[in-house]
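Peer 1: Protein chains in written order, with my numbering: chain A, 1 to 252; chain B, 1001 to 1356; chain C, 2001 to 2293.
Heads up, some of the hints might be wrong.
When the alpha-carbon atoms are kept at most 25 Å apart in a straight line, the in silico DMTMM-like pairs for lysine to aspartate or glutamate are as follows [as the list claims (entries may be wrong)]:
no., chain 1, residue 1, chain 2, residue 2
1, C, Lys2084, B, Asp1128
2, B, Lys1126, A, Glu78
3, B, Lys1126, C, Asp2175
4, B, Lys1126, C, Glu2174
5, C, Lys2176, B, Glu1337
6, B, Lys1008, A, Glu146
7, B, Lys1237, A, Glu78
8, B, Lys1008, A, Glu134
9, C, Lys2032, B, Asp1128
10, B, Lys1008, A, Asp143
11, C, Lys2287, C, Asp2175
12, B, Lys1008, A, Glu125
13, B, Lys1152, B, Asp1128
14, B, Lys1008, A, Glu137
Just so you know, these hints were derived from the structure itself, not from any lab.
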Amino acid sequence: MAILEVNNLSISFGGLMAVNDFGLNIEEGQLYGLIGPNGAGKTTVFNLLTGVYKPDQGRVILDGKELTGKNTIEINQEGIARTFQNIRLFSQLSVLDNVKVGLHNDYTYSTIEGILRLPRYKKTEKLMTERAMELLEVFGLADEAEYLASNLPYGKQRKLEMARALATNPKLLLLDEPAAGMNPNETAELMENIKFVRDKFKMTILLIEHDMKLVAGICEKLTVLNFGKVLAEGETSAVLHDPKVITAYLGE
Amino acid sequence: MRDKKLNKTFKNNLITYLIVIISYALVQAMILSGNLSSLMQGLLVPICTYVIMALALNLVVGVLGELSLGHAGFMCVGAFSSAFFSKLTLEAIPNAGLRFFLALLIGAVCAAIFGIIIGIPVLRLKGDYLAIVTLAFGEIIKNFINVMYVGKDSNGFHFSIKDVASLNMEDDGLVIINGAQGITGTPTDSNFTIGVLLILFTLFVVLNLTNSRTGRAIMSIRDNRIAAESVGINITKYKLMAFAISAGLAGIGGVLYAHNLSTLTALPKNFGYNMSIMFLVFVVLGGIGNMRGSIIAAVVLTLLPELLRGLSDYRMLIYAVVLIAMMIFTSAPSMIEYREKIMAKFGKNKVSKEAE
Amino acid sequence: MGFISYLIDGISLGSVYALIALGYTMVYGIAKMLNFAHGDVIMIGGYTVYTIVSTMGLSPWLGMAASVVVCTVLGVAVEKIAYKPLRMASPLAVLITAIGVSYFLQNMGLLIFTASPKAFTSVVSISNIKLADGALNISGVTLVTIITCIIIMIALMFFIKKTKAGRAMVAVSEDKGAALLMGIDVNSTISLTFAIGSGLAAVAGFLLCSAYPTLTPYTGAMPGIKAFVAAVFGGIGSIPGAFIGGILLGIIEILSKAYISSQLSDAIVFLVLILVLLIKPTGILGKEIHEKV
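When you get a sec, could you build the whole thing from the sequences and use the hints?
Peer 2: See below:
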């Protein structure tokens, strides 16, 4: 059954239809790609799914639960986590603490317990550190756990964002151009990481990407967005050979 | 790796606590050996107050990353609520220690409540707008206390914002808050030792809060609000919490301050926006987010005008020049570059990538 | 008639606030900094007039001209010495530096003129105007203040819309980098802004002192803060906003002094500011800024 179901989602900004009648169905455990030319509305779709923008119309259903109209925090708690196109880390916190912020809602103790350093503080913090280190390990960041996030090289910052998003224990992970700014080696490594995350955590992943090698290499299904509308959808290889899609990318 | 980090934070904090304790011991030794002028001795409790204020404000400015110019207002709430209590219970609670402890609780809680009341509407404003609104609130609090008359007689409490006569009290009535004349006859229950203990307490709260789940959530909002929201951090809740805790600690500063004076008035020089600005100067010069720096800056900058007393009329002018020069020296990009060049010459330019 | 005369007094005080707020708002627009020392420029302007008119016994016209010159030079010098090195630094560092400059100016005044208040001789020699058979009495200062403010406001709008230097100011405040690329001399544009702002503060200074004739080193502090409030009130960075904010603030202050409580008038002014910001978080004419995700 579909874990994410999106029906006729639309939003306009000052008369311009940024996303128009958008629909999407993702099966559990699928690696799904959302592609399209610049300005097609891909990031806007992510912002709609995560409650940053409220849609003018349409519905979002995650694992049978209605998410329409909920705010970002509620949506995250229902199980959607994301990364950002322009990296948004907690730059003055350590790499480890970035991930620990992601664990915030699953590992709790009160503020008083924290200030007084009561046993539950110590126990929980230990568990949090263990869990965070596990996640950092997956992305090869364990050795940099104590670095300030802003001191990481670019490629690793993108990976840290993924680790932080995973820390919230989502059902669906949204990756906004995870390979942007990476060199071919880093991209190849990232592809392995993404596949690994899917397999290990049984994660459903929806990603926006311009790097066609990555898209063709790991995505099972694609949706192509053009001028805010769905242009094509289906199996990756079929979509990529669709003449309509080629025209949209290359022009007439 | 993990242990190293824990040790490092722990060691850093320990040094800060030790600096406070050693300074206390030194000052006590100076007092006992008669090497501290009575003028300086009179400054000890105010200095403790300012240190607490700087720490409290640093929680908002450094950890939460928001600008407040109204912390003198929270200090004012703490001072007046606690002095009110102490004057009222002067006879009912003869034990000065217990009375002061209760006064502390009352001052902190009242100030924290004000922090929440003010925080709810204003914390959605940003930057300079938040700064001016907090300044405005601080001034409103000061202004209202100046026109407040509260008395108590056998029938209970009486309240007016006109004058003592409109309190309509019986003959046995006692005026507690007398408008612009404030509260007179507050028991002077605080002293330097209590002041230092309260600094240690404030430090304990701020440092432990910062290194906890709550602290991380607060700092994540500071570093990137949108990302914090995306991982499910409740922005309003943690902003408000940081603001309320900071206000409560400022209230404690106010309690300490009030119980060092037998007459408490809400004058601009005690609780005006200039005081809030002074606390901000401590925080910025000590290093935003750096608690040890706040303590040192508060002490040094309070002592500086006194140490310059020999220069009489010129001292405040020099203070101003020092302030400007220090800001340019520490913050101007060209100066930072210049300093780095000099450091590089002496081979000290090993920039540690490790998170502090 | 009482109400109308209070209203006119309010507009007059508001005109002074507006003149100061213009300086705040222009500097904020162009340098993105809160120039906390701006209020103290008023005090320097006041003392300049006092020295020339009361101490040296020269003409008030000379006093006013000297005051504008002194303040303009002072404003530009402060910018060059204290603010320019910090142009790329954090806003907080700039704010603290401005506070340092404010302390400096106040203590300079204290050193030269001592803390004892000086009686300021009004620069306005127009006598009171009686209207409605003497029921409405408007003082010359009040009238001159309001008219001066209106003239300056119109001149300023004209300067910004029609002159090259004025349009350069708008360009720098919109986008410093782009302005630089278009060949605008950003440094001299910023200097010009400080010059105009400080010159206006000088005018505000002698008008304020003519209406409230006691002069101390702290004379500028509170009007400075109020003008800052007025600028935020109207939407900081907006020139018409500063004008509207200043006038409204003056009216609110005088009316609450007259009808509610003279001791609480400041509190009421601040309360209104808070209410306005809660309804419109960027002030009456402020632009809203959205963060792109």
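Peer 1: Does each hint fit the structure? Answer for all of them.
Peer 2: Hints versus structure:
{"no.": "1", "hint": "C:Lys2084 x B:Asp1128", "in the structure": "holds (20 Å)"}
{"no.": "2", "hint": "B:Lys1126 x A:Glu78", "in the structure": "violated (29 Å)"}
{"no.": "3", "hint": "B:Lys1126 x C:Asp2175", "in the structure": "holds (21 Å)"}
{"no.": "4", "hint": "B:Lys1126 x C:Glu2174", "in the structure": "holds (20 Å)"}
{"no.": "5", "hint": "C:Lys2176 x B:Glu1337", "in the structure": "holds (22 Å)"}
{"no.": "6", "hint": "B:Lys1008 x A:Glu146", "in the structure": "holds (11 Å)"}
{"no.": "7", "hint": "B:Lys1237 x A:Glu78", "in the structure": "holds (19 Å)"}
{"no.": "8", "hint": "B:Lys1008 x A:Glu134", "in the structure": "holds (22 Å)"}
{"no.": "9", "hint": "C:Lys2032 x B:Asp1128", "in the structure": "holds (10 Å)"}
{"no.": "10", "hint": "B:Lys1008 x A:Asp143", "in the structure": "holds (17 Å)"}
{"no.": "11", "hint": "C:Lys2287 x C:Asp2175", "in the structure": "holds (15 Å)"}
{"no.": "12", "hint": "B:Lys1008 x A:Glu125", "in the structure": "holds (17 Å)"}
{"no.": "13", "hint": "B:Lys1152 x B:Asp1128", "in the structure": "violated (42 Å)"}
{"no.": "14", "hint": "B:Lys1008 x A:Glu137", "in the structure": "holds (23 Å)"}
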